[in-house]
Structures are given as C-alpha cells and as structure tokens.
Amino acid sequence: MPPENVERVSQKARDHYELVPDDEVTETMLRKYMNKAYVSYRASLSTHFSETCKGDLQIALAHPPENCENIEDWKNICEYFNTTEAKARSAKAIAAREKQVLNHTNGSQSFTRKLFERKLKGLAIDPLTMFKETHREKKAKLPQICKQWMKEIDDLLEQKERGEIDFSREEIYHQVVDSTRLGCKRRLKKAALPANYSKTDEQLTAVQQQLDAANKKITKLFKLLNVTLQNIGQDPVLEDAMDVTENGEKEDEEEQLEDQDDVCSEEEEEM
Numbered sequence: 001m002p003p004e005n006v007e008r009v010s011q012k013a014r015d016h017y018e019l020v021p022d023d024e025v026t027e028t029m030l031r032k033y034m035n036k037a038y039v040s041y042r043a044s045l046s047t048h049f050s051e052t053c054k055g056d057l058q059i060a061l062a063h064p065p066e067n068c069e070n071i072e073d074w075k076n077i078c079e080y081f082n083t084t085e086a087k088a089r090s091a092k093a094i095a096a097r098e099k100q101v102l103n104h105t106n107g108s109q110s111f112t113r114k115l116f117e118r119k120l121k122g123l124a125i126d127p128l129t130m131f132k133e134t135h136r137e138k139k140a141k142l143p144q145i146c147k148q149w150m151k152e153i154d155d156l157l158e159q160k161e162r163g164e165i166d167f168s169r170e171e172i173y174h175q176v177v178d179s180t181r182l183g184c185k186r187r188l189k190k191a192a193l194p195a196n197y198s199k200t201d202e203q204l205t206a207v208q209q210q211l212d213a214a215n216k217k218i219t220k221l222f223k224l225l226n227v228t229l230q231n232i233g234q235d236p237v238l239e240d241a242m243d244v245t246e247n248g249e250k251e252d253e254e255e256q257l258e259d260q261d262d263v264c265s266e267e268e269e270e271m
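39 is the number that full-length UniProt numbering gives to position 39 of the sequence shown; each next residue is one higher, with no gaps.
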C-alpha cells in the first residue's frame with residue numbers, strides 16, 4: 001500500500017477515536033491491525049472476483065461486492081486481478097495448497113478462538129469434536145489422509161453407538177489420528193494437538209491457583225509495608241487496595257501469630 005494511503009488511514013482512525021496514549025507504540029499497533037484488515041478485505045474481493053464472477057472482468061465490473069463502496073477502487077483491483085502477474089501468483093498459491101498433505105478448513109480463525117467461542121456457547125470441546133469442527137469438507141477439499149481419518153472415526157463412533165466398543169471419544173481420537181503429523185505451535189515448538197483442548201478447565205484452574213497465591217503474597221507485602229511506615233512515623237497506605245476474603249484474613253492472622261511467636265522465641269533465646 002502506498003505510504004500516503006497508510007497515512008490517510010492512520011489519520012482517519014484519529015478522526016474517529018482518541019488514542020491513549022498516542023505514541024509510537026500505538027501507531028505501530030494501529031498500522032499492524034489496519035494491515036490485517038486490509039489483507040482480509042482484499043482477500044474477500046479476490047474471492048468475489050474469482051468465484052462469484054468466475055474471473056470474468058466484465059461480469060465483475062457489472063456486479064461489484066456489497067462491501068466495496070468505492071466503485072473506482074473495485075475497477076482498479078479487478079484490472080489487477082485480470083493481469084498476467086496476478087493470475088500467475090494465484091496459480092502458484094493454488095498449486096502450493098494442493099501439495100499440502102495435511103491442512104485444516106478453519107480459515108484464518110485460530111483454533112484457540114474456535115475453542116473459546118464453543119466454550120462460551122456450552123458446546124463440546126473434546127479433541128475429537130474439535131478435529132471434526134476444524135477439518136470439514138468445504139469448498140477447500142480435505143487432504144486424503146484427513147478423509148481417511150474421518151471415515152475411521154465415523155466407523156468407530158457407529159460401533160460405539162451399537163455398544164460393540166467401550167471407548168471414549170478422546171480414546172477414539174487418539175486411536176485414529178496420528179498426532180505427530182499435526183505440526184507444532186509457532187515459537188513454542190510444542191505439538192499442536194486438539195487433545196490439549198480437553199484440558200482447558202484444568203489449565204484455567206491451575207492459572208487461578210497461581211493468581212490466588214500471588215494475591216496472597218501481594219496482600220502480605222502490603223501489610224508489611226504499612227507496618228514499616230507506622231514504625232517510621234508515617235501514615236499507612238494502600239489499605240483500601242487490599243481486598244482480602246475471610247479465608248485470606250484468617251490465614252493472614254495465623255501467619256501474624258506465627259511471626260509473633262517467632263519473635264518471642266528469638267527474644268527468649270537472647271535473654
């Protein structure tokens with residue numbers, strides 16, 4: 001995108017919103033998300049041109065997409081899509097996708113977002129369900145290996161319904177799907193297994209326990225700070241910020257009693 005267009009979009013964002021803080025970091029993030037929005041928008045235009053209009057320039061010009069308000073822009077991009085360069089890039093991308101041995105049909109939506117949305121709706125998020133949800137037979141055909149896995153999974157599910165096998169859905173998933181072929185998560189280099197989805201509740205519980213432990217430490221530090229301030233003749237602070245539950249207060253009282261016992265024991269030893 002030309003620099004002048006980037007500046008224009010950036011200024012339009014400021015015309016409609018107040019950015020706080022309006023600094024270099026905010027500008028970088030703004031341009032990043034604007035770029036993502038532009039790429040997604042351009043992809044939708046490309047899909048409309050190639051699928052709805054069958055790649056025909058005249059049909060495309062006569063039937064612009066509903067989300068394209070500027071007809072002149074639509075005309076310019078249609079002319080680009082009709083160039084030899086654009087057709088060559090499209091053919092190369094199609095060939096690359098066809099060579100993929102294993103892929104998904106979840107589009108640009110991340111698996112984590114898919115999981116989150118299903119969890120909010122109270123839908124199943126076990127590994128087998130998530131695999132079937134993210135590997136559907138859509139316009140983009142599934143690789144042969146995925147079709148084979150799907151058939152084996154459906155066969156085992158039918159056997160389970162007839163009472164011929166006593167496997168859980170997760171056991172069926174692990175029996176059929178070769179998890180080593182599902183790739184790795186970026187950066188972390190950990191196996192990107194749909195099986196991880198079934199452990200979400202356990203992971204959330206573990207995180208909550210870590211937060212609770214951290215809050216207790218912070219509360220204790222606040223109290224120690226106030227004691228120190230009182231000892232040097234200053235008013236205590238941060239009392240309003242300490243939101244302690246009844247259980248937490250009891251635990252803190254026990255800790256204080258233990259600290260007092262330790263102090264008394266040290267004084268007796270010195271005497």
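Keep in mind the hints are simulated off the structure, nothing from the lab.
Every residue, glycine too, gets a C-beta built ideally from N, C-alpha and C.
Check before you lean on any hint, since a few could be wrong.
FRET-style restraints, in silico, Cβ to Cβ [said to hold, decoys possible]:
1. R169 x E117: 16 to 26 Å
2. R169 x T228: 14 to 24 Å
3. T112 x K92: 28 to 38 Å
4. Q208 x A93: 15 to 25 Å
Hint by hint, here is what the structure shows:
Checked against the hint of 16 to 26 Å, the C-beta distance between R169 and E117 comes to roughly 20 Å, which is consistent with it. The hinted window of 14 to 24 Å between R169 and T228 is violated, with their beta carbons roughly 57 Å apart. A hinted range of 28 to 38 Å holds for the C-beta pair T112 and K92, which are about 30 Å apart. Taking the beta carbon of each, Q208 and A93 are about 44 Å apart, not inside 15 to 25 Å as hinted.
Violated hints, listed in ascending order, are 2, 4; each of the other numbered hints is respected by the structure.
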